[in-house]
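> Sequence:
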Amino acid sequence: MYAFLNQVNSQKSFIKSEKYIVLDANTVLYTATSRWETKMKNDSTIVMDPLGMQFLLKKVDNQWRVLSWTE
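Numbering that gives the first Met the number 0 numbers the first residue of the sequence shown as 0 and each following residue consecutively.
By construction, these hints were calculated from the structure, which means they are not laboratory data. There may be inaccurate statements among the hints.
Claimed, not checked - Derived pair list, reagent style SDA-like, types lysine to any residue, alpha-carbon separation capped at 20 Å:
1. K11 / E70
2. K57 / L22
3. K15 / A2
Let's have the full structure, built from the sequences with the hints guiding it.
Here it is as structure tokens:
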């Protein structure tokens with residue numbers, strides 16, 4: 000992973016749609032559809048469209064934490 004990230008020059012993301020589902024007072028499921036453009040140091044561009052994301056968030060000790068993250 001480090002070898003790939005070392006070759007990245009810049010990244011841009013665009014959120015196309017997002018949704019928050021409150022499961023209980025301390026748990027939220029966040030989903031989004033997005034587009035990512037990654038410019039590499041060799042001048043190539045990687046486009047991921049659509050890219051789905053899902054985060055399960057939990058409030059622990061009054062701070063929000065990511066329990067799981069899926070792309």
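> Evaluate each hint against the coordinates.
Results of checking the hints against the structure:
{"no.": "1", "hint": "K11 / E70", "result": "holds, 16 Å"}
{"no.": "2", "hint": "K57 / L22", "result": "holds, 10 Å"}
{"no.": "3", "hint": "K15 / A2", "result": "violated, 29 Å"}
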